[in-house]
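**Q** Chain by chain, the residues run as shown.
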Amino acid sequence: MSLLSIRNVFKSYFLHGKRIDVLRDVTLEINRGELVSLVGASGAGKSTFLHVLGTLDPPAAGELLFEGRSVFAMNDAEIAEFRNRTIGFVFQSHYLLPEFSALENVAMPALIQRRDRGESYAYARELLERVGLGARVEHRPGELSGGEAQRVALARALVLKPAVLLADEPTGNLDPATGEGIHQLLREVNRDLGITAVVVTHNETLARSMPRRLRLVGGQVTDA
Amino acid sequence: MNAERQTVYRWSFIWSGALVALVGAVLLGVAISQADAWARVSGMLGLSGLGWGGILQTLNALGLTAMRSSAVESVAALPGQRFLFAGAVVWLVGWVLIAGGIRRAPPSSEGPSPAAGAQLYPRLANYRDFYWSTLGAYGGGILLSELVLILLQTFLSNGGGASAEGKGLPPVGAFAISLIAASLVAFVAGFIGASRARRLAMPEATIGVIYLGLPVPVLLSLMERLPDLQVSLGYRLREVTYVAELLGRPVVGYWLVFSLLVLMLVLGINTGFIAAGSGRVDLKLGFELFVARRHVGVFRPSLLLGTLAVLLFGIIPPLIVYGIIRAVEAAVERTRIRALGLEDPLAAASALNRLKLREQSPTMMMTALSVGGVGVGVMSLIIVLSVMSGFEQDLQQKILGAHSHVVVTKYAGHLREYPRLMEQIAKVPGVVGQSPSIDNPVMVLADDEVQGIVLKGIDPETVGTVLDLPQNMLPGGSLENLTHPEKIVPRRSLGGFGLREPEQTEEEFDPIIGRPTKSAEEQALPGIILGRELAAILRVVVGDRVNVISPQGAELGPAGLIPKSRAFRVAGIFYSGMYEYDAKFAYILLSEAQSLFGTEGPSGIELKVADVDDARRIASQVRKELGGYPYNARDWGEIHRNIFSALRLEKLVMGIILSIIIVVAAGLIVATVIMLVLEKRKEISVLKALGVSDGGIVKIFLSEGLQIGLAGGLLGLFSGLAWCFFIEKVGIKLDPSVYYIPALPVKIEPVQTALAVIIAVLVTYLASIYPALKASSVEPVEGLKAE
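Sequence order for the protein chains is A and B.
So in the numbering used here, spot 126 of the first sequence is number 1610, and the numbers just go up one at a time.
So in the numbering used here, spot 685 of the second sequence is number 2178, and the numbers just go up one at a time.
By construction, these hints were calculated from the structure, which means they are not laboratory data.
Just to be clear, a hint being listed does not mean it is correct.
Quick list of the computed label-pair ranges, beta carbon to beta carbon [to be verified]:
#, chain 1, residue 1, chain 2, residue 2, range
1, B, LEU1712, A, GLU1583, 46 to 56 Å
2, A, ILE1504, B, PRO1696, 29 to 39 Å
3, B, HIS2133, A, GLU1583, 56 to 66 Å
4, A, VAL1701, B, ALA1618, 27 to 37 Å
Here are some of the chain B residues that sit facing chain A, going by a computed Cβ distance under 10 Å [said to hold, decoys possible]:
#, residue
5, ALA1611
6, ALA1769
7, GLY1790
8, VAL2185
9, SER2186
10, PRO2273
11, GLY2276
12, LYS2278
For glycine and all other residues, C-beta sits at the position ideal for the given N, C-alpha and C.
Can you build the whole structure from these sequences, using the hints too?
**A** What follows is the structure, encoded as structure tokens:
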């Protein structure tokens, strides 16, 4: 059984009262441990697709199945918990919480789960060391550089060892060298931790380096 | 599926329909005026405003029809019947026109979308928009809480007379218990309703409160107006009305309690929604508080101390001190940075950056302002209510010093049998003293001065067990002089100073009695005790002679009834500290009073009870002990109801007015939390993406508002108490000739003070509901759009 399956998903958004159909009857399977890239023109709906996949945005019609279970049929609390435990997000901006230190930011998903604070911080510290930021745990996001912040964000996405990692142009705001570091980390995560990852990107070289490539055109997602 | 179901309004129809209906209403009004029936229909019309009138009217009509059908009786032609029918028809036509003006729009011409026929997103497919069970919980809950309150009050309270029922608690205590129980019922009902529907379910709440909650207070309010209702319900609800009347205006009490219950229901609904709105009951708060504390940072020493300083010393002095501190700090910092810069420019730059980072955001300023606002509200509430309690206590002390706690009287005649009654009364537990007395209005004369007063006949032996009179006697006179009038030293040449010549010759031979008398100055006259102010008005001192003229016990003279006149000698002067009493009361011996008023016994027996607040219950026990009619026992609360209920009403109104400050502060909190929500939109989205449920977001922002409220409430409590202690210890001088109190009295009542803080916290909680819900409705996708 595939890990994630999308069945007949429709999604539209509205611009000045006009309906724009971004996803039209998308059906797709993603298997456990896959590393998938998604490319498409700007405004084609790549982010929307990722948001539906990450349960941030419910589709107008269709189903999202995780290990055969319909995710959107669950209630709010269950969906939130699913998001917390199963999915890790990395966005174009780091979206770290400015009032909290890097350590607290990384531990946040564990704290949301009401895990023990000391334990969560210990694991978060370990992860930060792994992404090479062991010396900056107490710094606030405002005191970190873009690349460092993005690495903290990646650590935050991984702190609960999610089954799926969804990355929305994670290197879009970074210079090529720093971006390459992040890509390297992503590949490591997929390989070492066995985390299924879907990476939306503009970067054709990055996309080509992924084992599976998806393309979003005209509301349809196809294997490229 | 018809996706769009829009409504089209034809405004010409609606407006003309409204006009026609208005004409109909006017015609109906004319018909009612002609039948002179406004008084009778106004209650029903009022209920119709809630939607109940029609139902009641129908039931009433059905009942009447059933009764009438047996005894066939032609209905008397009403005056203005033509208007009635015409009005009804025109009224209906108007509404038909209005109904005709509302149409469903034709179906949209757009073709089906590509998704037509696809499976609907599951949660939308299961969506329900009205929950009968929630309506039942809300409506039933508010009604049940009202009934619980009424029944518990009736059951627990001691009862005015029928003592077989009732637990014998004092009414206010019983009310506190009943109110807490009823509030709990309302809260739980709201909680259950909201957690079943998993949303606030405002339509259900509105319908429930209006249709099931409102009738009870409406009924209670109407009870005053409608004699029928009074007769059928008044007796059963007398404990409830008694408590409400403690406020002076029972209606105020009913609606206040009703609003409180609705408030509790709303709190319950909100709590239920927060706890279970996301699909499961989650009452844990640790994480949410962790985030909320970082967001607002209320509990920082600088903020708390600053606000406290403002509350204690006013705005200007702390502002000056703050300005000085900031100026000094800035100077020192800049000097340091400059010195640093001379060595290492980059270190100086980063130090400068840190200095800038410390500057506060506008939300911080708003937070401080809201905390201060709540603090000011709570502080002024505590101070004003404590001072008013002080006045009330002072007044109560003085009234109860001059009056007894309970008075036993007879409906007709005098208590000749009082020794027997006193023995019986002594058996009632709680009675600690009793004394027979008689009082009547009289005029008292001394030379040229005349004053109308209340003359009270007392028994000097026992009066001390009931009144503070013995303690209130000023030196120079004594209560014993009443029983031994010969001991009073007549004032002869003492006050002379040549101002007044002794008028001996005139009094040598009394023309009315017709026999020679001793010198009026030396004669042993019965004693009288006057209040200090009265003695000052009459310009008499101990030993002076005064005449008392009583219309009661008048004697028949040659020209008709002559008021009785008798001479007394001032045996003592008392000072109670209350102008009204010191100027309006005089005491004589009971036997003297009986003969003056021509009665055969005292008019009442005055009692003192151990617990003043328990007087009502003891009065009813005394009544029972004496076998009821013809004896009656009234407690001080009943005798002096006017003044105390006026005081309480005044206090209540003051409380409500001052609570407006808290409401304004709550407005500030709403603004602050909304600003926070706007500022944190992105963070909210991120938190949601990380797996915080909607309920969690609501909790975060609610606890932010609540923190502000709590901080403000505690600061207000602290500064209010500090001010109260200051007033009490240092004192604010009052002009004793105006207020009769040397300094502003303060009495800190713990319950009332706690209530002020609790109200403030509740109001801030309510105020943060709206912004918190706004925060939870931020869509995660909204905040995550790439900039």
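**Q** Broken hints, numbered, in rising order?
**A** none
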